[in-house]
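Engineer: The primary structure of each chain is shown beneath.
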Amino acid sequence: MLTRDEVEVVLFTLEVAALATLLIFPLGLAAALALARYRGPGKGALETILSLPLILPPTAVGLVLLEALSRHSPLGAWLAARGIEMVFTWKAVVLAMSVMSFPLLVRSARTAFEEVDPRLVGLARTLGCRPAAAFFRVTLPLAWRGVLAGTVLAFARALGEFGATVMVAGNIPGRTRTLALAIFHDNQVGRDDRAAVLAAVTAALAFAALWTTELLSRRLGRRPEE
Amino acid sequence: MIEIRVDVPLVGSELHVEADLPPAVTAVMGPSGAGKTSLLEAIAGLRRRARGRIACGDAVFLDTERGVRVAPEQRRVGYVPQDAGLFPHLTALGNVRFGARGDEGRVETAIETLNLRPLLPRHPASLSGGEKQRVALARALATSPRILLLDEPLAALDVELKERVLPYLVRIRDEWKVPILYVTHNVGEALALAGHVLLLRDRRVESQGRPLDLLSSPGLSVEAEAGIENLLPGRILGHDAAGGVSRVELEGGIPLSVPLAATRPVGTAVVAAIRAEDVLVSSAPVKGLSARNVYEARLEGLERTGVDVTLRCALAAAPSPWLARVTPAAVQSLGLKAGQPVWLAVKSHSVRLL
Numbered sequence: 008m009l010t011r012d013e014v015e016v017v018l019f020t021l022e023v024a025a026l027a028t029l030l031i032f033p034l035g036l037a038a039a040l041a042l043a044r045y046r047g048p049g050k051g052a053l054e055t056i057l058s059l060p061l062i063l064p065p066t067a068v069g070l071v072l073l074e075a076l077s078r079h080s081p082l083g084a085w086l087a088a089r090g091i092e093m094v095f096t097w098k099a100v101v102l103a104m105s106v107m108s109f110p111l112l113v114r115s116a117r118t119a120f121e122e123v124d125p126r127l128v129g130l131a132r133t134l135g136c137r138p139a140a141a142f143f144r145v146t147l148p149l150a151w152r153g154v155l156a157g158t159v160l161a162f163a164r165a166l167g168e169f170g171a172t173v174m175v176a177g178n179i180p181g182r183t184r185t186l187a188l189a190i191f192h193d194n195q196v197g198r199d200d201r202a203a204v205l206a207a208v209t210a211a212l213a214f215a216a217l218w219t220t221e222l223l224s225r226r227l228g229r230r231p232e233e
Numbered sequence: 005m006i007e008i009r010v011d012v013p014l015v016g017s018e019l020h021v022e023a024d025l026p027p028a029v030t031a032v033m034g035p036s037g038a039g040k041t042s043l044l045e046a047i048a049g050l051r052r053r054a055r056g057r058i059a060c061g062d063a064v065f066l067d068t069e070r071g072v073r074v075a076p077e078q079r080r081v082g083y084v085p086q087d088a089g090l091f092p093h094l095t096a097l098g099n100v101r102f103g104a105r106g107d108e109g110r111v112e113t114a115i116e117t118l119n120l121r122p123l124l125p126r127h128p129a130s131l132s133g134g135e136k137q138r139v140a141l142a143r144a145l146a147t148s149p150r151i152l153l154l155d156e157p158l159a160a161l162d163v164e165l166k167e168r169v170l171p172y173l174v175r176i177r178d179e180w181k182v183p184i185l186y187v188t189h190n191v192g193e194a195l196a197l198a199g200h201v202l203l204l205r206d207r208r209v210e211s212q213g214r215p216l217d218l219l220s221s222p223g224l225s226v227e228a229e230a231g232i233e234n235l236l237p238g239r240i241l242g243h244d245a246a247g248g249v250s251r252v253e254l255e256g257g258i259p260l261s262v263p264l265a266a267t268r269p270v271g272t273a274v275v276a277a278i279r280a281e282d283v284l285v286s287s288a289p290v291k292g293l294s295a296r297n298v299y300e301a302r303l304e305g306l307e308r309t310g311v312d313v314t315l316r317c318a319l320a321a322a323p324s325p326w327l328a329r330v331t332p333a334a335v336q337s338l339g340l341k342a343g344q345p346v347w348l349a350v351k352s353h354s355v356r357l358l
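Just so you know, the sequences run in chain order L and P. This note's numbering numbers the first residue of the first sequence as 8 and each following residue consecutively. This note's numbering numbers the first residue of the second sequence as 5 and each following residue consecutively.
Hints are not guaranteed to be accurate.
Computed from the model, here is a short list of chain P residues facing chain L with C-beta under 7 Å [said to hold, decoys possible]:
no.: 1; residue: Val81
no.: 2; residue: Tyr83
no.: 3; residue: His93
no.: 4; residue: Phe102
no.: 5; residue: Gly103
no.: 6; residue: Thr147
Don't read these hints as lab results, they were simulated from the structure. Here a beta-carbon is modelled for each residue, glycine too, at the ideal position from N, C-alpha and C.
So that you can see chain L by itself, here it is in the shape it has in the complex:
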């Protein structure tokens, strides 16, 4: 069974991963919609930049974040001036997870938006919808499967985030230690049995998230044909 500390690590991980997913959801949808609809110069470059975290070593992304948040950078200075401490706090964990998960959400949602016939959106406009209303009444309902899949994928990715988190948030027990970090720590100090238990818990959580989505998508996707 899990110790009290381990339970706390699991709950903390779920909390920050959920928070990160919540944070990137509106931003990710906006970016996905822009990429799906925008046809013009710079589109390819924009897509590549948004996808970079997928292929870079997470530690490299973590390093960039660390630099951006340091007091020498404009952003870090701005935050410091307002008394906001990010580095080596739970907020940094959320940030690291967000950045690493963002491209997964955007890619999945973008594909889903691209499959929505733009003429249907135009028709919604002629039927009295402002652009925002057309998005919520036509585009999103027609793309929700891809959006949901991307959201869950992003959440699962956040659950397992390690490299960027360890760079920008450290591995502080009770403050920034997530499941992925705890597994690494247990292994380092020779508690391979506990590491294995936590790995199993991580796998179970990710599995549960993906499986629930699959079921939900199947149930809601079924349409009465008569």
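We have chain L already, so just place chain P on it with the hints.
Structural biologist: Just chain P now, with coordinates in the frame of chain L:
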């Protein structure tokens, strides 16, 4: 009055249309690629690069000189694209309600008009082509549109379905009093519905005017039935199933025998279409001919059209002359001259009912 002075950039060229359309039904015709759909989209506000002026009655949709470009959601046009464009995630009822802003009375009337009650709980995926078109029409009507834009609403339907949907369009025309722009390739539909025809070709207006005048003018470029020189309105008098013919009475009481058309009830208004080259001309009374339709006429004029000669033949009772096309050799051997009597013969099978 619908005022259209518009330039719409398209791939490769530009659509340019200038027309003042009556507030009734206008058939928009022309070959594929002539710009018919683009014109409707420009009126609906879906062509952001359209320039010029579009006004429907008092409502100005577009006036680029004055910086006016009304958003599609504020134009109140009922646009029905060729494939109906129903929202696949909504039921038929959800689709009809989509633009009605909660006006249930309006929704009910639209449902009644198009007889949709049994279809309401179904999703578009389970509707036939004609049912989809009816739902899309109702969806457009439920928004209280200022103008209806219908893009070949019957093109995807087979003949039987067409004859079921057409009456709904007639009903909309007569009961709702909404101006309609109606894209079609089909001369019969244009004649049945429209009081005005706008003919596009190569992204320009080729001509416009009353359907019968326009569609019977020779050398027209509309596909399928257009370019048929003799378009003769009339009504069905009766059917002779054993004889394989139906009897039609043309304007002026002229009888015409046509291939059996039993699906059209007695009394139905029809237009008989006869190509000029299918009208046989004789300089003497005709006897013992298999052709069912023989008429005496006076040759009013001869006109060289290409290699052939087109004859204008006045039947005593007919409101306008019939056109017959013959070779110059035939003119010579018959010694045809303006003013002389001629006899015209038309086989039943040369007549198409529109």
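Engineer: Indicate, hint by hint, whether the structure satisfies it.
Structural biologist: Results of checking the hints against the structure:
The beta carbon of valine 81 (chain P) is positioned within 7 Å of a beta carbon in chain L (closest approach about 6 Å), and the interface hint is therefore held. The beta carbon of tyrosine 83 (chain P) comes within 5 Å of a beta carbon in chain L, closer than 7 Å, and the hint placing it at the interface holds. Here the hint on histidine 93 (chain P) is kept, as its CB sits about 5 Å from the closest CB of chain L, short of 7 Å. The closest approach between the C-beta of phenylalanine 102 (chain P) and any C-beta of chain L is roughly 5 Å, which is under the 7 Å cut-off, so the hint is satisfied.
The beta carbon of glycine 103 (chain P) comes within 3 Å of a beta carbon in chain L, closer than 7 Å, and the hint placing it at the interface holds. Taking 7 Å as the C-beta cut-off, the interface hint given for threonine 147 (chain P) holds, the closest approach to chain L being about 6 Å.
The structure meets every hint from the earlier list without exception.
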